[in-house]
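Peer 1: Reconstruct the complex from the two isolated chains, following the hints.
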Amino acid sequence: MIEKKAIVKSETGIHARPALAVVKVAAKFKSEVLIVKDGNEYNAKSIVAIMCMAAVKNDEIIVRTNGEDEEAAAEAMVEIIEEGLI
Amino acid sequence: MLKAIGASLGIAIGRALVIREENVEINEKKVLDSQHELTRFDNALKEAIAQLEKINKDVKEKLGSEKAEIFEAHLFMLMDPEFIGSVQKRIGNDKYNAEYSLQTVAEETASIFELMENEYMTERAADIRDVCKRVLNILMGIKVASIAEIQEECILIAKDLTPSDTAQIDKTKILALITEIGGKTSHTSIIARSLELPAVVGVGMGIHEIKDGDFIVVDGEEGIVIINPDEATLKAYETRRKEFFESKNQLLKYASMNSTTLDGKTVELAANIGSAEEVENVLKNGAEAIGLFRTEFLYMSKNALPTEDEQFEEYKSVLEKMSGKPVIIRTLDIGGDKELDYLPMDKEMNPFLGYRAIRLCLDRTDIFITQLRALVRSSAHGKLKIMFPMISNLQELRMAKKILKQCKDELKSEGVLFDEDIEVGIMIEIPSAALISDILAKEVDFFSIGTNDLIQYTTAVDRMNEKISYLYDFYHPGVLRLIKTVIDNGHKAGIMVGMCGEMAGDTKLIPLLLGFGLDEFSMSASSILNARKTVTNSSYEECTKLTAPILGFGDSDEIKKFIEANSKK
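Listed in order, the protein sequences are those of chains A and B.
Using the working numbering, the first residue of the first sequence is number 1, and each one after it goes up by one.
Using the working numbering, the first residue of the second sequence is number 1, and each one after it goes up by one.
If we strip away everything but chain B, and leave its shape as in the complex, we get (with noise of 0.2 Å):
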């Protein structure tokens, strides 16, 4: 059995087909008849341009233009009459071998983009070799194993899959992914997820034990591979496949219906995010909004502060792709336990009550401002909302409207177009807030309740903490007492509350916190279709008649208890 990263759910079980990758080597001749090496490059770039011709039709049909584009480009490339150009020169009139030519002239090609201080120009280096390669081939007449041509169910297994590669997916013919290297967030594991296959990525060297032919299985949410299973294990995942697929063709239905209650309350249910690459499967989730996201993976997937125009690049994305739909992104969240390689932070006690979020923003202005410019410049895009973190009281909600406001007072003398009534909210996510939730709710458009932080600082429990992680409760009547005093004061300055923790998510807790009268619930995508299924068989005048009774407990396990009791009603 192999253990690695679970990248996308589902249970899997079939035959392993292994796709290695041939190391070529490329030798420096001289020929007599250019004449002859010409026709063969043409001839090869021929059949390559053909072979890009399909690749880019299949991916604009399975999965969009905006994902045929890097095909698109790859085709241009081989068109170029400048860089095929000096391929034909160094045959024609240096005589070297057609695939000496090509190698050298696209390492310079390469080179030179590399050398460019641009990321986006230092990535199509890259695009340069994929390119070279798929001709390289064609003339030593290697065959690659081509994904499209599989015909038999299998199970691929690699070291890791290139765009083209996954572009060819047939997901009739293939069952999972396994890959040697990567993390959730590599593109296998994204195209896995809005492909929905089950995917284990970064297995490691361990990949080797599977052989081309065994008989595996696939556990795309715990990240287990298991070769060659005894009958009695097979039968379990046989059984688990089956209950996933039973319960995912149930929920599906959920996608395209509307979060209202059986009496007619409609709420709104919303995804959370970290980067623009996971709308496509909000939107397939069917959620209405984003509400929560996390701007840090922004600033910790470089190795540099993002720049005002990358950051742009990004929320703009997001925003367009959402077409209308709110989007709420949280200004920079960082300290505590994440940290920037690139911006060194003093060592603290501790962390979590230090410096961090709105308190770091603050006090780096010019990194707020960056952010601030960025996110009011992309609200041209869409709907956007702003919302700051860790506000712990008024002045620093008066200090950060402040800023936004010069933000946009500089934008509009630049003749910047964006939209002048942006929202502006916080996350109520320290009790102090939550206090004076009444105070601060006449000062902003929204609240968004952060349960995770909420419930670490009231209960006072660090959740990282083994030893006392059963004190950390969703349940403790103070969380919930606070929680409802939030709803209450936000409802009575007629701002919207929603809440963006993990508790949102929790088809247990969602009866109760639609009682509370919560007006959004943000969760993880994955999440969302199961929430709806609770919303929409539940009626709000019921959940209301949970409100008084669980407030007046004094032990969560009693909450617990009554809300099980209700549940089974």
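Chain A on its own, in the form it takes in the complex (with noise of 0.2 Å):
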């Protein structure tokens, strides 16, 4: 299992449309791929979910991975929510 650190720095955070592109890039992995905000855990290859968790800008984060791909997931993940995002 790996955990990796990560703020949003999306100005309006993850709302519907950046939502839509942490899904997209959790659901290349085979990992479980989770993220967890104020303690809780949200499933990052749920749109639902990740909409739910209703991130807003410089909203620390932790991105949580288990599986035979998790170190290119927690990578790829981190890259996203800080950077990949507008």
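Note that these hints are calculated values from the structure, not bench results.
Fair warning: there could be bad hints in the mix.
As the list claims (entries may be wrong) - List of simulated lysine to aspartate or glutamate pairs, EDC-like, C-alpha gap at most 16 Å:
#, chain 1, residue 1, chain 2, residue 2
1, A, Lys-57, B, Glu-414
2, A, Lys-57, B, Glu-313
3, A, Lys-57, B, Glu-310
4, B, Lys-321, B, Glu-277
5, A, Lys-9, B, Glu-414
6, A, Lys-9, B, Asp-309
7, A, Lys-9, B, Glu-313
8, A, Lys-24, B, Glu-72
9, A, Lys-57, B, Glu-308
As the list claims (entries may be wrong) - Simulated restraints, written as ranges between beta carbons of each label pair:
#, chain 1, residue 1, chain 2, residue 2, range
10, A, Lys-30, B, Asn-93, 24 to 32 Å
11, A, Asn-58, B, Lys-442, 41 to 49 Å
12, B, Ile-49, A, Glu-71, 26 to 34 Å
What the hints assert, rightly or not - Covered, in the sense of this in silico footprint (three residues per stretch, anywhere, with C-beta under 8 Å from a C-beta of chain A), are these stretches of chain B:
#, region
13, 81-94
14, 309-320
All C-beta atoms in this analysis are idealised placements derived from N, C-alpha and C, irrespective of residue type, glycine included.
Peer 2: Have a look at this one:
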């Protein structure tokens, strides 16, 4: 299992469009991909869960991955959350 | 005959196809064989996914990937392990029927979104319901008339059209759109304009007079629908339809041309817009810039002041879509005839001479600063120019620029990247500003003459007052002299002078304004092709010869006659 911290940089947080982008990245990996915010776990492969998470700018979150490609998954998730969202 | 809102230009004649929405009732049932129910649900899901994949692909091809994004989100919802997992649990563990299980999970999820304070998220509740309905229809065997499957030419009649409906419109089959609800800026209208389909919206209950298969005429300009017209009416509309297509085709060649006169002087033809959604149409009509982005609509369409981030997104979206072409964004021009429900203002005797536009912004600096910060931040995404409205004296301009500088300094210290050299200009719409335009010109990068208010203030005519509206006159020599003064003063200081009132798009006046030396003409997007036709067929030198005689006339009728006589030459 791997855990990495990330900070939401997107001005509007993770609303609908960014949520789609996050889920698309998570869906590429075989590992379980979770985002932990305020102690709650959200399945990063679920667009509904990610939208319910309602992360806003500057929220600090933890990406938790578990599985055969956990390393690559964690890296890709941090990248999309910190730099890939508009 | 029905009269409603003409939302998209053009004439269509054809058979009506009425789309009715069925009300379905979902019953709560327990099932004995939950395995069979789960299979039924999975099959319905697969079919819904196949439908969405097709729509997604079609929309991407027809309208671009940005418009298709919504369907991609819908697809991910149907493949969502949590959302679909909850439905499956309800079927498998609680032994409810698939319809009820899906409906309840979708409603629970939608209500979570509805409770969020973020507007983006509350809208997603509609998406969940839309997706759920698609699967429910499949489960219940309800055949929804698919717009994509329409084989014969027809005019669509509906209560309203959803994004999934309009995305499936095949322009060779669907001739026009008529809806019961909606206005000029509703989804159906925007899509109709982007597809160039005639549309009449907001017909109201009268829409029920149209029966499936009726022969109808649609006039998208006047907002008229005629059911089963007589022969004479039909003939008249057939002629009008032909004329409309001919002039449109003729004009189309001007979309990709430069706005250069016969003798080589190039001007800028720009568009006026009120929202980011209009940009597509602006580009289609070959505008070289946006000469006026009225930000009021951003404030009027909400029930609270738009936040810095909300404004930033809108400005950024316009700038990005214009990909480097100049975009002049005017700061808030509220007051006068435009009010905000959530910003109560005292009743005034003369609202047009009162607390509005820059006057309000310099008083409510909190509102002004929020907008300026959003603007400055957006400048990193394109060629932004900022314009202040209703400037009447030098102090106001200096004060507005000072606040802008504060915003820039603040953002800089916050480490935000932006264009350091954003051009700043003012509207010239008050005679006192026009008369000191030589002085103002030294402190700005451009002028834009707002003719609608300039005429009103110069001639002391309230153009809404029908008794005196005949005095509201583009051709008043006083107005024309004032315009010429502003252009000359701007040029002496080496700055661009544009115009963003109705006058700028008037093909009769364009030669005159060309001759005056106007650099930029900003008008509604639909006027641009006609304007370019006029510009490219004019000789700048010939136009300049009009100036001296026109400035010598005392009577606007003489000016009109003189211009007409010259245009015939």
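Peer 1: Which earlier hints can't be squared with this structure?
Peer 2: Hints that this structure does not satisfy do not exist here, as all of them hold.
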